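Given these sequences and hints, build the entire structure.
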Amino acid sequence: MSAPRSNAVRQFLSSGLSLLRGVTGDDAYEKYLAHMRANEPGATPLGERAFFSAQLEQKWNCINGCC
Amino acid sequence: MYAKLVAILLAVIGGFALAGIALQRDEPINSLWIVTAAICVYALGYRFYAKWIETRVYVVDKTRATPAERLNNGRDFIPTHRWVVFGHHFAAIAGAGPLVGPTLAMQFGYLPGTLWLLVGAVLGGCVQDMTILFLSTRRNGKSLGQMARDELGAVGGIAATIGTLAIVVIIIAVLGLVVVKAMQNSPWATFTVFATIPIAILVGYYMRNWRPGKVLEGSLIGLVLLIGAVVMGGWVSEHDQLAPMFNWDGVSLAGFVIGYGWIAAILPVWVLLAPRDYISTFLKISVVVLLAVAIIFTAPTIKMPAITQFADGTGPIFAGKIFPFVFITIACGALSGFHALVSSGTTPKMVANEGDIRLAGYGSMAIESFVGIMAVIAATLLEPGVFFAINTGLGVVGGSPETAVATITGWGFPVTVEQMDGLAATVGESTLFARTGGAPSLAVGMASIFSSAFGQGLIALWYHFAIMFEAIFILTTVDAGTRAARFLLQDTLGQIYAPLGRTSWYPSVLLSSSLIVAGWGYFLYVGVIDPNGGINILWPLFGIANQMLAAIALSVACGLLIKTGKLRHVWITALPLVWIATVTSTAAIQKIFSTDAKLGFFAAANALSDQLLAGTLAPERAAVAPALIFNQRLDGWLTVLFLIIMWIVIVEMVRISIRFLQGKPVPPSSETAYVATQLDASALPRSH
Numbered sequence: 001m002s003a004p005r006s007n008a009v010r011q012f013l014s015s016g017l018s019l020l021r022g023v024t025g026d027d028a029y030e031k032y033l034a035h036m037r038a039n040e041p042g043a044t045p046l047g048e049r050a051f052f053s054a055q056l057e058q059k060w061n062c063i064n065g066c067c
Numbered sequence: 068m069y070a071k072l073v074a075i076l077l078a079v080i081g082g083f084a085l086a087g088i089a090l091q092r093d094e095p096i097n098s099l100w101i102v103t104a105a106i107c108v109y110a111l112g113y114r115f116y117a118k119w120i121e122t123r124v125y126v127v128d129k130t131r132a133t134p135a136e137r138l139n140n141g142r143d144f145i146p147t148h149r150w151v152v153f154g155h156h157f158a159a160i161a162g163a164g165p166l167v168g169p170t171l172a173m174q175f176g177y178l179p180g181t182l183w184l185l186v187g188a189v190l191g192g193c194v195q196d197m198t199i200l201f202l203s204t205r206r207n208g209k210s211l212g213q214m215a216r217d218e219l220g221a222v223g224g225i226a227a228t229i230g231t232l233a234i235v236v237i238i239i240a241v242l243g244l245v246v247v248k249a250m251q252n253s254p255w256a257t258f259t260v261f262a263t264i265p266i267a268i269l270v271g272y273y274m275r276n277w278r279p280g281k282v283l284e285g286s287l288i289g290l291v292l293l294i295g296a297v298v299m300g301g302w303v304s305e306h307d308q309l310a311p312m313f314n315w316d317g318v319s320l321a322g323f324v325i326g327y328g329w330i331a332a333i334l335p336v337w338v339l340l341a342p343r344d345y346i347s348t349f350l351k352i353s354v355v356v357l358l359a360v361a362i363i364f365t366a367p368t369i370k371m372p373a374i375t376q377f378a379d380g381t382g383p384i385f386a387g388k389i390f391p392f393v394f395i396t397i398a399c400g401a402l403s404g405f406h407a408l409v410s411s412g413t414t415p416k417m418v419a420n421e422g423d424i425r426l427a428g429y430g431s432m433a434i435e436s437f438v439g440i441m442a443v444i445a446a447t448l449l450e451p452g453v454f455f456a457i458n459t460g461l462g463v464v465g466g467s468p469e470t471a472v473a474t475i476t477g478w479g480f481p482v483t484v485e486q487m488d489g490l491a492a493t494v495g496e497s498t499l500f501a502r503t504g505g506a507p508s509l510a511v512g513m514a515s516i517f518s519s520a521f522g523q524g525l526i527a528l529w530y531h532f533a534i535m536f537e538a539i540f541i542l543t544t545v546d547a548g549t550r551a552a553r554f555l556l557q558d559t560l561g562q563i564y565a566p567l568g569r570t571s572w573y574p575s576v577l578l579s580s581s582l583i584v585a586g587w588g589y590f591l592y593v594g595v596i597d598p599n600g601g602i603n604i605l606w607p608l609f610g611i612a613n614q615m616l617a618a619i620a621l622s623v624a625c626g627l628l629i630k631t632g633k634l635r636h637v638w639i640t641a642l643p644l645v646w647i648a649t650v651t652s653t654a655a656i657q658k659i660f661s662t663d664a665k666l667g668f669f670a671a672a673n674a675l676s677d678q679l680l681a682g683t684l685a686p687e688r689a690a691v692a693p694a695l696i697f698n699q700r701l702d703g704w705l706t707v708l709f710l711i712i713m714w715i716v717i718v719e720m721v722r723i724s725i726r727f728l729q730g731k732p733v734p735p736s737s738e739t740a741y742v743a744t745q746l747d748a749s750a751l752p753r754s755h
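Here the protein sequences line up with chains R and E, keeping their order. To convert, note that position 28 of the first sequence is 28 in this note's numbering; the numbers rise steadily by one, no gaps. To convert, note that position 310 of the second sequence is 377 in this note's numbering; the numbers rise steadily by one, no gaps.
Be aware that one or more of the hints could be misleading.
Here are the simulated lysine-lysine pairs, PhoX-like style, with alpha carbons at most 25 Å apart [as the list claims (entries may be wrong)]:
no.: 1; chain 1: E; residue 1: Lys351; chain 2: R; residue 2: Lys59
no.: 2; chain 1: E; residue 1: Lys118; chain 2: R; residue 2: Lys31
no.: 3; chain 1: R; residue 1: Lys59; chain 2: E; residue 2: Lys281
no.: 4; chain 1: E; residue 1: Lys388; chain 2: E; residue 2: Lys71
no.: 5; chain 1: E; residue 1: Lys129; chain 2: R; residue 2: Lys31
no.: 6; chain 1: R; residue 1: Lys31; chain 2: R; residue 2: Lys59
no.: 7; chain 1: E; residue 1: Lys129; chain 2: E; residue 2: Lys633
no.: 8; chain 1: E; residue 1: Lys281; chain 2: E; residue 2: Lys388
no.: 9; chain 1: E; residue 1: Lys118; chain 2: E; residue 2: Lys129
no.: 10; chain 1: E; residue 1: Lys118; chain 2: E; residue 2: Lys633
no.: 11; chain 1: E; residue 1: Lys351; chain 2: E; residue 2: Lys388
FYI, nobody ran anything at the bench for these hints, they're computed from the structure. Quantities reported herein were computed from a predicted structural model and do not represent experimental measurements.
Structure below.
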């Protein structure tokens with residue numbers, strides 16, 4: 001496989017993966033950290049486990065799915 | 068210029084495909100005609116109608132900051148890449164609904180259901196979802212109920228809340244019934260579904276304690292284990308000692324689903340609910356893609372006639388004529404009120420720019436409709452005789468497999484006992500007769516598509532994979548729905564006695580969860596003991612409830628559009644509203660007043676009661692008759708309630724709109740003020 005083609009494949013796969021991470025919420029903690037760094041640099045962000053637990057509680061405290 | 072050429076090409080191909088479907092009446096057609104027509108219709112709807120609505124009706128403003136930007140907290144309000152919002156929204160709206168409804172509606176033939184899926188989605192469902200998403204985004208992500216309360220007044224708000232609560236209870240019951248019917252006396256299916264519970268708990272523990280927040284890793288592990296469970300289920304079903312342990316009857320399985328739903332609703336979400344939802348999202352997206360590829364690759368032939376004789380209302384799967392019941396049976400996939408709850412839930416808090424609303428709102432619903440189209444194909448590639456033998460309750464066709472094949476063959480759909488037994492053996496089941504609920508026939512269809520695309524010989528595995536796929540959606544709906552209904556109920560009870568409204572106060576949690584589970588558990592139990600299959604009663608009730616909610620959502624949309632000065636274009640939601648209100652009212656009136664015992668709830672109750680009094684019922688039917696009589700009456704009164712709620716909201720909306728147009732005081736618009744965006748939404752990463 002030539003170099004440009006393998007680059008294109010790699011790019012396709014990596015954008016597919018990042019889309020999947022976004023949709024499933026795999027990257028939620030990274031987004032949260034980025035938000036905290038940008039907006040509240042002095043504050044101590046939640047740990048990964050505490051953040052995940054809080055995130056789940058909030059996600060499931062309303063109707064968020066359908067039949 | 069290029070875009071115009073593509074559009075013309077789409078229109079020509081789409082028109083050609085639709086004409087092909089409409090004209091090829093007497094010979095079997097290839098499913099690719101339907102796929103082609105569908106894709107062209109969605110593409111044209113998205114490119115032109117949705118674009119026109121976005122620019123002319125909503126007048127979306129790409130310079131306006133969305134709630135995700137203004138209220139960004141790094142958690143629920145968070146500006147998100149448009150394709151991620153789309154994927155998230157699709158995963159949230161898609162469930163078992165668009166698979167089951169279209170399957171059942173195939174008793175009318177493939178054409179009516181297919182046309183409603185296309186037209187209903189492009190002009191109704193997609194517009195509803197997108198409009199509610201737009202309105203909620205302009206109102207800081209408020210829920211449908213809040214918008215109804217704030218802008219249409221307390222009466223409309225309360226009616227909307229009661230309607231929502233009712234539909235959640237009915238949907239859990241009917242989907243619970245679908246999964247019970249799929250597992251009934253099937254050790255393989257029962258083992259696989261039971262195995263999803265420890266797998267979900269393991270994945271939940273992994274995501275919380277071992278690798279916190281690594282949901283993709285956890286989901287992948289869960290998926291591999293689930294496939295392992297499907298394979299192992301085959302071995303279990305052949306095992307002399309193990310197979311009987313998983314061979315449960317309907318009532319025991321209903322007890323299991325009820326107990327499971329109650330426990331899942333009161334446990335912390337990370338234990339069972341959240342991990343299974345993650346696995347389910349993953350599975351959903353992969354199966355939808357896989358099925359689409361397999362259908363295009365294998366191009367199965369449709370064997371069902373375009374329209375069957377059951378259009379006249381004599382159908383065995385559910386009663387009622389093609390109008391209004393095809394529009395009631397296919398709810399999700401064409402127009403689903405439930406989606407409005409998602410469109411005014413988490414999605415509006417993620418939209419980074421108003422320009423992304425069309426993709427998430429309209430685009431996701433178009434894909435959901437396509438899932439419905441795939442269910443149509445999976446159901447209609449079966450021999451019609453087989454389709455009816457699987458989906459008709461034995462009580463309807465004389466009580467035994469022999470009378471069933473004789474009756475169904477008499478309808479002009481030949482089928483034999485040997486054919487059914489052979490098929491059952493191929494998919495690893497003891498029988499496929501009267502496996503009502505839609506899931507088994509869909510699984511047979513999906514297994515046939517998958518096995519011809521990816522290798523023959525694995526058909527039993529594919530069948531049970533499809534059953535597991537449906538069951539995992541449904542169990543997620545069971546516990547997520549119970550939890551959501553619990554919050555709605557606590558909110559309502561809190562107005563009577565404040566501590567009951569505290570969502571973390573354990574006595575209140577137990578009380579409200581038990582009430583909700585008792586509610587749907589009752590309908591599920593009666594459905595299971597019904598010799599006619601139960602689904603023939605519950606699915607129309609669900610359809611009426613869901614379309615009532617769609618009417619409520621469309622009313623809110625109309626009212627809010629008028630109040631923001633868009634009277635001229637209000638027809639985009641008013642036309643679907645008029646249609647769905649007509650359909651729902653007609654269906655409700657028939658279910659209430661029909662003197663035909665097959666159709667009317669009260670007529671059925673009275674007929675059965677007469678038979679019971681006259682002593683003409685067989686002993687086993689007489690034993691369950693009192694419960695069935697009570698249930699039919701209850702369903703009748705519920706239908707009355709749905710009808711009243713729907714019309715209260717419509718009348719309130721019209722009243723408020725007229726007052727607004729007359730310049731009289733009305734509740735003020737809660738649309739937030741313009742703030743200029745600082746964000747370049749096109750530069751957002753898909754993930755970090």
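Results for each hint:
With a C-alpha separation of about 19 Å, the suggested pairing of Lys351 of chain E with Lys59 of chain R holds against the 25 Å cut-off. A C-alpha spacing of about 31 Å is found between Lys118 of chain E and Lys31 of chain R, which places the hinted pair above 25 Å, so the restraint is violated. Of the pairs offered as hints, the one joining Lys59 of chain R and Lys281 of chain E holds, with about 16 Å between alpha carbons and a cut-off of 25 Å not exceeded. Restraint check for Lys388 of chain E and Lys71 of chain E: the C-alpha separation of about 41 Å exceeds 25 Å, so the hint is violated.
Proposed proximity of Lys129 of chain E and Lys31 of chain R is supported: the alpha carbons are some 23 Å apart, at most 25 Å. Distance check on the hinted pair: Lys31 of chain R and Lys59 of chain R sit about 16 Å apart at the alpha-carbon level, within 25 Å; holds. Pair hint Lys129 of chain E plus Lys633 of chain E holds up; C-alpha atoms about 19 Å apart against a cutoff of 25 Å. Restraint check: the Cα-Cα separation between Lys281 of chain E and Lys388 of chain E comes to about 50 Å, which exceeds 25 Å; the hinted pair is violated.
For a cut-off of 25 Å, the pair hint linking Lys118 of chain E to Lys129 of chain E stands: about 14 Å separates their Cα positions. For the proposed pair Lys118 of chain E and Lys633 of chain E, the alpha carbon gap of about 16 Å is at most 25 Å, so the pair holds. As the CA atoms of Lys351 of chain E and Lys388 of chain E are separated by approximately 33 Å, the hinted pair breaks the 25 Å bound.
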